[in-house]
Amino acid sequence: DAKTTQPTSMDCAEGRAANLPCNHSTISGNEYVYWYRQIHSQGPQYIIHGLKNNETNEMASLIITEDRKSSTLILPHATLRDTAVYYCIVRDMTTDSWGKLQFGAGTQVVVTP
Amino acid sequence: DAGVIQSPRHEVTEMGQEVTLRCKPISGHNSLFWYRQTMMRGLELLIYFNNNVPIDDSGMPEDRFSAKMPNASFSTLKIQPSEPRDSAVYFCASSLFDRSSLHFGNGTRLTVT
Numbered sequence: 045d046a047k048t049t050q051p052t053s054m055d056c057a058e059g060r061a062a063n064l065p066c067n068h069s070t071i072s073g074n075e076y077v078y079w080y081r082q083i084h085s086q087g088p089q090y091i092i093h094g095l096k097n098n099e100t101n102e103m104a105s106l107i108i109t110e111d112r113k114s115s116t117l118i119l120p121h122a123t124l125r126d127t128a129v130y131y132c133i134v135r136d137m138t139t140d141s142w143g144k145l146q147f148g149a150g151t152q153v154v155v156t157p
Numbered sequence: 005d006a007g008v009i010q011s012p013r014h015e016v017t018e019m020g021q022e023v024t025l026r027c028k029p030i031s032g033h034n035s036l037f038w039y040r041q042t043m044m045r046g047l048e049l050l051i052y053f054n055n056n057v058p059i060d061d062s063g064m065p066e067d068r069f070s071a072k073m074p075n076a077s078f079s080t081l082k083i084q085p086s087e088p089r090d091s092a093v094y095f096c097a098s099s100l101f102d103r104s105s106l107h108f109g110n111g112t113r114l115t116v117t
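So the protein lines, in turn, are chains A and B. Just so we're on the same page, this note's numbering is the position in the first sequence counted from 1, plus 44. Just so we're on the same page, this note's numbering is the position in the second sequence counted from 1, plus 4.
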């Protein structure tokens with residue numbers, strides 16, 4: 045059973061903010077939301093993760109709704125190099141080994157000039 | 005930090021030949037994961053190790069596949085004999101322990117003709 049639902053694809057104009065939604069309506073209290081991305085011909089790359097509070101780092105911001113049933117990854121100023129497949133994953137850091145989790149199909153983001 | 009290093013980057017071989025893929029995890033990481041990615045099936049976990057010990061190999065397709073981790077800094081994934089349906093990109097990933105953030109290598113693209 046998929047724990048997350050993401051749109052299959054989305055386009056974004058270069059320089060604009062890209063807002064990537066993820067639905068995780070069955071998330072439990074101990075499960076974190078993780079985001080990874082995979083640029084063509086490269087391995088998946090860690091972006092950010094959070095539990096309930098909004099998080100920001102040099103790559104992106106993560107906004108988690110108060111009920112934690114959904115989240116949005118924000119790339120504040122998208123560049124052509126942000127074209128990639130973005131994966132949203134939920135996992136319990138205390139019990140869930142990465143060996144038990146699936147990456148799913150993700151969202152293909154295409155940034156256009 | 006050199007990241008996870010995989011070799012070779014590309015491998016082309018004929019059906020029936022033995023193929024060995026190599027991985028050097030990030031120094032200090034004690035969990036190592038092997039994944040396979042195809043267009044049809046996405047990113048699939050094959051096997052993972054904690055402290056050089058295989059924990060779960062249920063994702064290994066069949067007996068033609070084997071993986072070893074003789075020490076903390078090296079792992080191999082072997083396919084013998086190889087078949088055309090084994091053509092895929094094989095990724096190695098490591099983490100500090102099996103619940104911390106995953107770090108992926110850039111993969112080995114295997115083509116079996």
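Fair warning: there could be bad hints in the mix.
[Claimed, not checked] Here are the in silico distance ranges between beta carbons for each label pair:
hint, chain 1, residue 1, chain 2, residue 2, range
1, B, L100, A, Q86, 18 to 26 Å
2, A, N101, B, G20, 31 to 39 Å
3, B, E66, A, G73, 38 to 46 Å
4, A, Q89, B, S62, 24 to 32 Å
5, A, T123, B, A76, 32 to 40 Å
6, A, I83, B, T115, 35 to 43 Å
7, A, I118, B, R13, 28 to 36 Å
8, A, D111, B, F78, 20 to 28 Å
9, A, T123, B, E66, 39 to 47 Å
10, B, R13, A, H121, 45 to 53 Å
11, B, S91, A, V154, 20 to 28 Å
12, B, S31, A, M54, 35 to 43 Å
Simulated from the structure, these hints should not be mistaken for lab results. Using N, Cα and C, we set each Cβ at its ideal position, and we do this for glycine too.
Hints, one by one, checked against the model:
At about 21 Å, the beta-carbon gap between L100(B) and Q86(A) stays in the expected band of 18 to 26 Å. In this structure the supplied range 31 to 39 Å is violated for N101(A) paired with G20(B), their Cβ-Cβ distance being about 48 Å. Between E66(B) and G73(A), the C-beta spacing of about 39 Å keeps the proposed range 38 to 46 Å intact. In this structure the supplied range 24 to 32 Å holds for Q89(A) paired with S62(B), their Cβ-Cβ distance being about 26 Å.
The supplied range of 32 to 40 Å is met by T123(A) and A76(B), whose beta-carbon atoms lie about 37 Å from each other. At about 21 Å, the beta-carbon gap between I83(A) and T115(B) misses the expected band of 35 to 43 Å. Taking 28 to 36 Å as the suggested C-beta distance range, the pair I118(A) and R13(B) conforms, at roughly 33 Å. Remark: the range hint 20 to 28 Å for D111(A) to F78(B) is contradicted by a beta-carbon distance near 45 Å.
The hint said 39 to 47 Å for the Cβ distance between T123(A) and E66(B), and at roughly 42 Å that hint holds. A hinted range of 45 to 53 Å is violated for the C-beta pair R13(B) and H121(A), which are about 31 Å apart. At roughly 26 Å, the beta carbons of S91(B) and V154(A) sit within the given window of 20 to 28 Å. In this structure the supplied range 35 to 43 Å holds for S31(B) paired with M54(A), their Cβ-Cβ distance being about 37 Å.
When held up to the earlier numbered hints, the structure conflicts with 2, 6, 8, 10 and fits the remainder.
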